[in-house]
Amino acid sequence: MQPETLAWIILALPLLSAAGITLFTRRNAGLSAAVSVTAVAAAFVASVLLVLSYRGLHIPAGECLIASVNWLNVGGLSVELGLRLDSLSNVMLLGVTGVGLMIHIYSCGYMAGDPSYARFFASLSLFMFSMLGIVLASNFVMMFVFWELVGVSSYLLIGFWFERPAAADAAKKAFLTNRIGDFGFLLGIIAVWASLGTVDFLDLQRALAADPQALGAFASLAGVLVFMGAMGKSAQFPLHVWLPDAMEGPTPVSALIHAATMVAAGVYMLARSFFLFELAPAWPESLGFLSGISALDVIAWTGGITSLMAALMAVQQSDIKRILAYSTLSQLGYMVMAVGCARPEAGMYHLVTHAFFKALLFLGAGSVIHALHHEQDIWKMGGLRSRLPVTYWTFLVGTLALCGVPPFSGFYSKDGILAAAETRPVLFGLALVVAALTTFYMFRLVLVALRGEPRDAAASHAHESPSVMLWPLRFLAIASVFAGFWGIDTALKRGLGMAGASGHEDHGGFLAGVFEPFGHAPLAAFLGLFATGIGFAVAWTLYGSHPVRDPLPERLGPLARWMRDKFYFDEAYAWLIRCTHDALAAVADWVDRWIVAGMFVRGLAGATDVAGRALRLVLTGNLQTYAFLAAAGMVVALWIVVL
Amino acid sequence: MNLWLLGPEVVLVLLGLSLLMMDGVVPTARRRLLGHASAAVVAVLCLYALSGHAGLPEPGYAFGRMFVLDGLAVFFKALFLCAGVFVLLLAADMGDRLGSGVTEYFVLTLFALAGMLLAASANNFAVMYVALELITVAFYVLTSYQRSRVASLEAGVKYLILGALSSAFMVYGIALCFGASGTMQFDELAAKSAELAENRLFQVGMLLVLGGLAFKVAVFPFQIWAPDVYEGSPAPTTAFLAIGSKAAGVVLLVRLLGGVIPELGLKWEMLLMVVAAVSILFGSLSAIPQRSLKRLMGYSSIANGGFVVLGLAAMSKAGSAAVLFYLAGYLFTVLTAFLVVAVVVERLGTDDFSALAGLHQRSPLLAGALAISMVSLAGVPPLVGFFGKFLVLKALVEQGTALPSYFVLGGIAIIGVVISFWYYFGVVRAIYWNQGPEETSPVVVPPVIRMALVGGVLGILFLGLFPGSVWDAAVAAVALLKF
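The listed protein sequences correspond, in order, to chains A and B. According to our numbering, the first sequence is numbered sequentially starting from 1. According to our numbering, the second sequence is numbered sequentially starting from 1.
These are computed hints drawn from the structure, not numbers from a lab. Be aware that one or more of the hints could be misleading.
[As the list claims (entries may be wrong)] Interface residues of chain A toward chain B, partial, derived using beta-carbon atoms under 7 Å:
no., residue
1, R613
2, L615
3, N622
4, Y626
5, A630
6, G633
7, V642
[Claimed, not checked] Straight-line alpha carbon distances no greater than 20 Å define the calculated SDA-like cross-link-like pairs of lysine to any residue that follow:
no., chain 1, residue 1, chain 2, residue 2
8, B, K267, A, G633
9, B, K267, A, V641
10, A, K173, A, A574
11, B, K267, A, I640
12, B, K267, A, A574
13, B, K394, B, E269
14, A, K173, A, P212
15, A, K173, A, D114
Ideal placement from N, C-alpha and C gives every residue a C-beta, glycine not left out.
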């Protein structure tokens, strides 16, 4: 089969599943789940076939296959509905469908008994369709369409338990916060289109390669605007506030959307349109004070600040899913920082490994929550190692991978990011602090929630989850361990045309691969390990003795409270929104009351109404009057025209 | 003698006569089938007319050039026949309530339809007058068909007297024109139009003729009959009046003002503008306090007649083509609306707004179709009503560079549109948001009417989304005008 056909099939399968479930099998829960799982499994198989049949993952940069049909042609804007196949999208295809498949299977167990089982799988399929659309999109407009679709399906899934006000609010918050970012994204697309006349990634790349000045003064502005889209979707500071709340959705959703795939879309988009950020800084005159700062600087610092801030917040959370949510924020900050340091392949590499181990962690957390009857407070857990052995061990694997312990996959991808940041000392230091904090909060979680003695009755009666939930954990654990050796990084380097891609062929055998980071970036590797060690040591000192309450607030004082309350971002935003809102409302009220309602509506409405009633008087229903009026009209017309 | 040019007219008349004979043979219970059968024949004729449009390179003449078959005639014939199909279906459905024999209703409709087709092809004052009288006389009966209803009788009498008045104006005008020019033949008048336009006597005659046509189109100052007659007549008659009779007036206006004496039209630009503006404002404003759907449609018909004259007042090919498109869109919109009105009146016994409350629960199809036709009449894209208004206003604004009063006229038209939102959306509100009565039993819609409704709604949507084909046909139809 042609690779183009396969790509269309991969994209169409989840959509068909979503439509089929919604239209036909909605009443049959089991069948709906089967349809959805089959669709994503088929998409995964098709992706594997696609990668095997179409030159594997090692496709050189600039070479890609585009399958497109003309979609619309309006006023100089011609948009193709195109699918782009290169190593970047192929890696993502495998990642998204693979992790998606695991999570679909897991959901069959986790969501069992939910009254809206079928609706859940329909939304999940819709999400898969949207996400694959982003991955395969060959131009900005198409990507934006699927970008919004992802937003919609995320809204549906976060608010899945819409009868709970917290879930409904979280869905709204996620959607609105994303809209802010998307607005910038759209402006960025328009800016690019206005200057270059095309939205196709390949054409744009060629145009900018031919003439780096083509965007003129808009170069950096367009970059930052496009980055705003990533800021919303990947929950970067200052638009990060929606992600922790999004944990109100079912846990598989948190795993799929808010850890592995959707939030990664921002990073993927940055990598896809990286050519846009490589341009020399140039700002319009009105933004002259920014001269010298490139779009990449903005990206790198946003990512760095996000990762540090989120890691600090994670330290003082007590909800198991929220800890993981802040950890996701922090890791996304890492990825964005890597892109900002001009190493998109490092960010993408971390994206893929992170998808595996963060999905694993979330699913493990889900298994814990499931076993404890929806208890999420880690201070009511404990002693789960013997009761939930599979969950415990797989969770530990995920933790080690996240902390960057060799030879787990997280070590290699995180090392790539640290190496990328080496050229910027401040960011490098910041990244090391984050690495230490990551280990600290993750082992805090493991030590408090999983080890020690049960603190609660529910924890002491916990049972391991059904095997339909455990197998995905095992598979993801295997991926988390070994994803560092699958050559994803070289594929990405090759695909993004990064330096050093051709020289490294990784043929030095397995052991050479394991120790490779210590060879080419020793500083980053050793300091990274050192930071991890510190984090673990502190966590062990504080929580190794299994305290009943968190000892940290007493030692840190107000700082701990600040961390727990997320540095009061939500409150500050609420205040800011309330103030602007109140001011706007007051103005709008005045305008509405006195100008619109008073002058236009009442005045005009009154006048129209009176005119209407007056005219009705003419129509008496009396035939003689009618005849007289008609004849009189005729006479008047004759008089005007003839005389 | 090119009798085949009159094919559709001949078939219609023969069909009517044979229906009269079959009336004696067919049992009463099955007479409704006659309506369906004649609707089918008319539908075939409509397709024939539509296909004939392509195969007509040159205008064809018959009866010593008194009868012409050109692009304009073919466009309107297709329009009339299409309307005829809907009206016959509707009449067949309402057969039981018409009171008198239902077959005669079909026959009269067919004769009126034949008159309309003749009017589209009239190339001579005498043919024009005869065709218009054929229409009008048939309508005298059609309006007062429900003899047991006082309202229907009243409508018939009003239509009769005012129709006779307008016919008197027209025939007097024709006499004056003949006296001034010595001919009744349109192409001979067109040949010496420049000289005739200066002739005072001819001007008076022509103005009287236009007045007679204004009665058909229901525009100022001959608009006043419309609400009463629309309200009182049976619903199929009202629908036929609203589109068929109006379009018959329009085709003659277009032919006279565009093809025969454009000089006079240019001279009377201001008069046409005033007529259009007053009609739009009168129709829109008077419709506001109305609570009866049929009466509302009467006022709406006046405002729409104003829009048609607006397109004519542009005195350009674009304006005339816009008028043709406007009518094509109006056809589907108004027929859909009347299909709903007819069913509502029949099943609920009244066409007052209060009866519409809760309609969206009792029959989503009726509610949706009525809402779509109202929104289209209001001129909301992407429905056809928007394109009709847009094209007319566009033609008007294009002329504005020559004469600034066109801008004023355009402004008035837009005010009219804005006012019309008020009452059109009043209907939509009544359907969907008004508190319904306790009665919530579903309203049964017969399958034939259901098909017609779907056809009408599809027409509204199709012409709104893909106006290209009909617009091209309209442009081709006015290609021979003398602007």
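Each hint, compared with the structure:
no.: 1; hint: R613; result: holds (6 Å)
no.: 2; hint: L615; result: holds (4 Å)
no.: 3; hint: N622; result: violated (10 Å)
no.: 4; hint: Y626; result: holds (5 Å)
no.: 5; hint: A630; result: holds (5 Å)
no.: 6; hint: G633; result: holds (2 Å)
no.: 7; hint: V642; result: holds (6 Å)
no.: 8; hint: B:K267 - A:G633; result: holds (19 Å)
no.: 9; hint: B:K267 - A:V641; result: holds (9 Å)
no.: 10; hint: A:K173 - A:A574; result: holds (11 Å)
no.: 11; hint: B:K267 - A:I640; result: holds (12 Å)
no.: 12; hint: B:K267 - A:A574; result: violated (67 Å)
no.: 13; hint: B:K394 - B:E269; result: holds (17 Å)
no.: 14; hint: A:K173 - A:P212; result: violated (39 Å)
no.: 15; hint: A:K173 - A:D114; result: violated (24 Å)
Consistency with the previously given hints fails for numbers 3, 12, 14, 15, ordered from lowest to highest.
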